[in-house]
Structures are given as structure tokens and as C-alpha cells.
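*Asks:* If you read the sequences in order, they're chains A and B.
Using the working numbering, the first residue of the first sequence is number 83, and each one after it goes up by one.
Using the working numbering, the first residue of the second sequence is number 18, and each one after it goes up by one.
Treat the hints loosely; a few may be bogus.
Claimed, not checked - To give an idea of the chain B side of the interface with chain A (calculated C-beta under 8 Å), a few residues:
1. A28
2. G29
3. L39
4. G46
5. G54
6. F58
No lab work stands behind these hints: they were computed from the structure.
As the structure is a computational prediction, the values presented were derived from the model and not from experiment.
All C-beta atoms in this analysis are idealised placements derived from N, C-alpha and C, irrespective of residue type, glycine included.
Okay, here's what each chain looks like letter by letter:
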Amino acid sequence: MEIQIPLTLIYWAAAFLPILALLLLLVTFRWGAAEAGPVAWLIATVIALTLYRAPFQVVALESVKGVWSAVFSILIVIWPAILIYEVTREAQAFEPFRRGLEQVTPHRLLQVMAFGWGFAGFLQGIMGFGVPVAVCAPLLVGIGVSPLYAVVITLVGHAWNNTFGTLAVAWLALKEVTALSGAQAALTALYAAAFIGLFNIIAGFLICWFYGRGKAIKEGLPAVLIISLMQGGATVALSQWNDSLNGFIAGIFGFLVIFPLARTPWYRKPSAIAPEKSPALASEGLEAASLSAPYGTEVNPGGMGFHLAFSPYYALLVITFGVLLTPLVKVLDRFAIGLPFPETITGFSFTNPATAAYSPFRPFIHAGTFFFLAALIGFLIFQRTGHIQKGGAGRILAQTLEKTIPATIAMVALTTMSVVMRGTGQANVLAHGVARATGELYAFMAPFIGVLGAFMTGSNVASNILFGNFQQITAQVIGLKEAAVLGAQTAGAAAGNTIAPGKVLLGTTTAGILGREGDVLRITLPVALGLGALIGVVLIFLA
Amino acid sequence: MRLSIVLQTIAGLLTLLAVPFLYVGGTRGNALLLALGFLLFTTGMIIAPLLRYIIRRESRGPLHLREAPLWKILDPHYWRDRRPQGR
């Protein structure tokens, strides 16, 4: 059945209204996501029910899908991620962790790059689901980075690996929805990897800029070039060899190269930028370092070493490798829970196909389960070694609960808003409107469609599923190079992860600045839009 | 636990409680369940922004709900001591 939604300015503007309201409330009025999200959801729902002629049944079922996705895709990571952070904090493990890192390199900028870029990219290579943000933001806070910049740096530093990371699930989704032939897929992968390589090196320079403006770029130049060669260069080279392991291998290369880099004359000495001169290590950061101590207790790590301090994260890596990279994954992958949904149609014949199991949750191979186990193991280790005192479990649970509740409301609202918009045709109207309005200049806008998809769904995978086919058809109609446009779609979606409210929220929650999502977006929004524009300009010449 | 967190917990529970009503109502086409589900869902969703509005309004006076622990708010003396002057 043909979709009959009128592609007029009114319909386009109405579809854009929830996003605009969200951005205004977050960025301009500085509301937290827990307050701005429900308002944006309400606007999207009212527009769906009225202008987009969605029956109550459609909105109800799309809302259920939204809650399901929020709980079993995102919150299931957020909850144990906060738990692992609180366990580490209760044990006062961040201070020895920082001291241990100083032994690897005294250069604070390289330390920041190691966690915010190398380690974040590595984690994105194996896990995704926002895990790099949940892990690396508090680790950066632990080494003295201000919570705001800890979130920003991690968002910028991990996003490049969204397409080919997590065993290339986003890339595979793009291939699936566009049914690319072997040769076309290889060419698209090359374009995508080239755009991601570009994104990667810019991410490195941005981290330096956040740390200490021009002086830090000069100091960090060798590290940026070498790490980017390992991450971005490997992504380009591997794009023609192996889909699934591309991001994983590039992530490992990018992280491991930091250790030999730390022994070079450039980074064997402390940074020439004084901590008080660094915007990323401003007073807020120095105060934040004290976050490693639980409320009302003194900082006294009691001789805890680096490896003991890092034990919850070691446990996380061991569990992840032990499950995801062994044959065990094939057995555990069979256990999946998902709700069936019937086909639904709006008044404009916009159809949501029936599904036997919507977004199935696989409890035994999900990152959330790994996080929970790692938190539990970390707690037991810290308790056995005497670093968690009596009453510690209660304090950990209370702190975790206090942080998770606002995050839960925000996440449910944001995900439900995006699913309602997707399921009632609003997302389609947004993308088609951009294509119609830009015409020949569509090449410039193509990456922004990817950014929009990731912003709305919080996922490179979902963005590619949502807009991959649309981008392909538009490229064919306008006469652009399909492979280049699709490459820009997925690279744009990767960049969009820096502004995805879910990811931002994950960072603000775990870094202890819940409610300051707008402040984060003030920095990452220009980054995502700038990256989109850069890819768009390149695409004009390529496509 | 602070009052805002308690209210947000209730909001979250209301939202989650709405899900079975929305799902069953949506899949079986039951208008009553759908209406009940929407009511619960919307109430749960709207509590957080409403709470922000109340906190902002109250914070202009001497009362700061966000900062006050629940046990203090339940104590009548707390309110008596903080009754705004000249209102």
C-alpha cells in the first residue's frame, strides 16, 4: 500500500517540532533529559495522533516498543554501569588507578587520549550499547578530568568505531537493508571506512583541543597521527578484508599503540600544559577527582594497587572475551526474549510490519549482563581485600538507585518519542523532506540524514535500518554514486552518536552530572554537525 | 531519599505499569485498556517536567524541595519553619 502522508512544509515542520523542542529545552533552557524527554514525547504523540492520523492502537504499540527498547537495549546497560562505578567509588579505587596510569605515562594528555579515545574505541570494537561511554567517562573523571569534558571526550572518542565496531553490526544492517551486491558492498565499505578515518583523526585533534587548545594539538600531534593511523588506517585497510572483525582489530591496534607511544621522548615527560590551564582539567575536574571517595569518607586507598583498582574492568574484559569471542556465544545466543507485535497501519497507510519478536533481548550475551557480573565480582574482590567497609553494599545500592531513576525516565521518554516518530511516519517525512528540498545538493545533506537517524534512535544500527534504503533510492533517483552516499549515511550515523540523547545521558549519569545533558550537547552538537558538513562537502566532490 | 527521587520513582513505576495495558489493549483492540494505559503512561511521563516546574517555583521562596530529604518534608515542623513570609 502506498504511503499517503503529504510531503508539505507543515507536515515536515510538525515532524521536526519534537526534535526542536528537545534541543531547545536541553541546550537553550538547560533542562535535564528527564524533564525535556517527556515533553518531546508528548509533542510527538500529539502530532502522531492528530496530524499524522495514527490511531491510538498504533501509538500504544509503538510506545510499548519504545519502552521495550529503552529497558532491554539501553537501561539494561545503564543500571549495572552505574553499579560498577559506585562499587569502584565505594572502594576508593579511582585514586590508585590514576596513580597506576601515571606510571605508564606521566603525560596527562596521553592519559586522556588513552581512555577517552584508545580504550573507548577498543570497547566500542567489542561491545557497543553505550558501554564505552559508561566505562570511560567515570574513568576519565577518576584521573581528574572535569565530568563535563569526561563525557564529551568519551562521546567524541568512541563514536568513530560505531559502524564497524560491535562486530560490525551497523555495517551488516546497512548491507542487509540495501541488498548490496558483493562489489557494491566492498566499494561502500571503502567509502564508509574513508569517511570514518577522516572522523577518527578529527576526533583525536578535538580531544587535544578540549584538553589545551592549540598548545595541546601541538603536543598531541604525534600521538594523534599514530593512533589515528592505527584506528582509521586499519579501518580502511580491513574494510576490504573482513566485515565483522574490522572495528575490533582497529580498536585493539589503536589502544595497544598507546603503550609504546608512552615510552617515546614526546610522552615520557609530563605535559607542558599546567593542569590548571587545561579547560578539561579545570577546577571542576580537580574537585571531581575527589568523587573517588564515597560521601563522608576520607580518601585512603589503603595501599590498593593499579591492577586491584582496575579489577572490575578486568572482570568485564575477561567475561566479554570469554563469551563473545569463543564458540560459547553460539550456544548462549539461542536464548532470546522478545514481544510479538501485529501489523499496524496509520490513517495515511504508513505500515509497521508484524514481528514475531521485537528487538529480542539475549540475556546471556548482553553487555548489561557482563556489566552486572563484573560489578558483582569487583564488589566481592574489594570486600575480600578489605576495601569496602561495613554498610558499603547499602551505600552502593542507594547511590545507584538515586542515579538510575532520573536516567530511566529520560531514557524511556526519549526512546518512546523516537519509536513513535518512526512508527507513525514522522521520521520518513523528515528524511524525504530534506531530499526534496535539497535536490541536486542532496549529497551535502546525506550525512545529516545519518546524523538525524542516530540522534533519534541513539544507534548507528537503527539509523542505517531506518534510512539506509531511503538513501540508496534517493541516490539512484538523483543520479549520485550509491556507494558514496551509503558510506556517508553510516559515517554520519557514527558521528550522530556524539549527540544521541541516550548516549549523552549514559555519560552524564555515570560521570555524576545528571541533568547537564544540555551542556554536553552545546559542545558535541557543533562537533556532529561539523563532521556531517565535512563529510557532505567531500561527498559533493565524490558523488 | 529525596522527595524528587521518590516522586520520580512513582512516575517510573506508573510508566512501566502502563505497558501491559497498552500492549494488551493495542494487540486486542480493547479501547478501555488502551485508555487506561495512556492515562497511566502520560501521568508517569509528565511528572518529571511538572516536578521541575514545582521545584523552580518553590525555589524562589525559602523552600527547596530538591534539597530536602523525605523525612524532613514529612515533618510538619519543617513546613512551619519555612512558611514564606508576606504571602
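*Asks:* If a hint holds in the structure, say so; if it doesn't, say that too.
*Replies:* Going down the list of hints, with the structure as the test:
At its closest, the beta carbon of B/A28 sits 6 Å from a beta carbon of chain A; the interface hint therefore holds under the 8 Å criterion. Because the beta carbon of B/G29 sits about 5 Å from the nearest beta carbon in chain A, less than 8 Å, this interface hint is met. Hint status for B/L39 relative to chain A: holds, with the closest Cβ pair at about 4 Å, below 8 Å. Evaluation of the B/G46 hint against chain A yields a held restraint, the C-beta minimum of about 6 Å falling below 8 Å.
The beta carbon of B/G54 is positioned within 8 Å of a beta carbon in chain A (closest approach about 6 Å), and the interface hint is therefore held. Among the interface hints, the one on B/F58 holds; its C-beta lies about 6 Å from the nearest C-beta in chain A, closer than the 8 Å criterion.
In summary, this structure violates none of the numbered hints.
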